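Using the sequences plus the hints, can you model the full thing?
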Amino acid sequence: QKEVEQNSGPLSVPEGAIASLNCTYSDRGSQSFFWYRQYSGKSPELIMFIYSNGDKEDGRFTAQLNKASQYVSLLIRDSQPSDSATYLCAVNSPGYSTLTFGKGTMLLVSP
Amino acid sequence: EAGVTQFPSHSVIEKGQTVTLRCDPISGHDNLYWYRRVMGKEIKFLLHFVKESKQDESGMPNNRFLAERTGGTYSTLKVQPAELEDSGVYFCASSHLSVGELFFGEGSRLTVL
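Chains A and B are the protein sequences, given in the same order.
Residue numbers for the first sequence follow the numbering used here, so the first one is 1 and each next one is one higher.
Residue numbers for the second sequence follow the numbering used here, so the first one is 1 and each next one is one higher.
Source of the hints: derived by calculation from the structure; they are not laboratory data.
Fair warning: there could be bad hints in the mix.
[Claimed, not checked] With a Cα cut of at most 30 angstroms, we get these calculated DSS-like pairs of lysine-lysine:
(1) K2(A) / K51(B)
(2) K15(B) / K54(B)
(3) K44(B) / K2(A)
(4) K2(A) / K67(A)
Keep in mind the model is a prediction, meaning the values are calculated, not measured.
Below, the structure is given as structure tokens:
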């Protein structure tokens, strides 16, 4: 049974701070990792994906992957109130057409 | 470009009734997925179409659920007869290539009383 674990939060950070969202996964063979953002009542929206160990930066977002530790994280720099949402970690394993999702971490950025 | 659209946005039915959910993927996306989120749980995979063919239906809970994608365009997910545990939000997603780079619809919330 493939599992993806996230702290449900809420994670509260002040505006301008760095938000750090974490995710662990159980399937050591997983190769593709995704972060989706979901505003309340809206559709999940892909914001980052990472396939290789290390860091991947896109604007204020940085995804970090450590396959040895089976750990993936998302850093949001200069957090804004508009970043307040639930962040979903999702993992794909080779040979499968599915994504395994975590329950999501709620992020609250206060002005 | 229109996104993934789902209908209805919310459906309230009684146990034993039938409900049909519809998904219109982004035009040109051959891959169409159904996922479901039950309250308090994570989003879980139901099935995957490539064009009109079912590529993977390993996540379908039981034979009360029937998905179709005639002509490889829109898809329907029918639940018949509905049970209380079927309540949740049903998401449709489509993609052009990669399995993980999905475009989701806003979901159809199903409440079974």
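Is it true that the CA of K44(B) sits at most 30 angstroms from the CA of K2(A)? holds (11 angstroms)
Compare the distance between the alpha carbons of K2(A) and K67(A) with 30 angstroms, and conclude whether the hinted pair is satisfied. Holds, because 15 angstroms separates the two Cα atoms, which is no more than 30 angstroms.
Would you mind confirming whether the straight-line C-alpha gap from K15(B) to K54(B) stays at or under 30 angstroms? holds (28 angstroms)
Holds or violated: K2(A) to K51(B), with C-alpha atoms at most 30 angstroms apart: holds (27 angstroms)
When the structure is compared with the earlier hints, no violation turns up for any of them.
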